[in-house]
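Generate the whole structure from the sequences, applying the supplied hints.
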Amino acid sequence: MVMDFTGGAAPQAESEFKFEKTEELAILDRNAKGWTIELNKVSFNGGDAKLDLRSWSPEGKMGKGIVLRDEVAQNLYLALTEYFSETDEDDEKQIEALEYPEDFHDPSLDVNRG
1 MVMDFTGGAA
11 PQAESEFKFE
21 KTEELAILDR
31 NAKGWTIELN
41 KVSFNGGDAK
51 LDLRSWSPEG
61 KMGKGIVLRD
71 EVAQNLYLAL
81 TEYFSETDED
91 DEKQIEALEY
101 PEDFHDPSLD
111 VNRG
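No gaps in the numbering here: position 99 of the sequence shown is 99 in the UniProt record's numbering, and each next residue is one more.
Computed list of lysine-lysine pairs in DSS-like fashion (alpha-carbon distance at most 27 Å, straight line):
hint, residue 1, residue 2
1, K61, K41
2, K50, K61
3, K18, K64
4, K33, K21
Hints in this document: simulated from the structure, not taken from any laboratory.
Encoded structure:
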């Protein structure tokens, strides 16, 4: 005879973790293996979409990251704005010298040659 201390309740199946990228905002970095660091709006398990900053594999596998409520994201924006506003001339020259990825396209730089 087996002693059952569960009270006869059937074991609960683990619910499946679901996510959906509802808005892709930016690809911030890409490594040699194709993993990207992205800023997206993501809905987890059918909930409201939140800002999500994390790594993603080329196959769409989710890596480590953080989820930010809008209030926290706004505070982060303010902190980063303050941090980067304190750059000196050397920093500005370094920023100007940055190279854009090959697949980067800024429509504002297009010239209408019609």
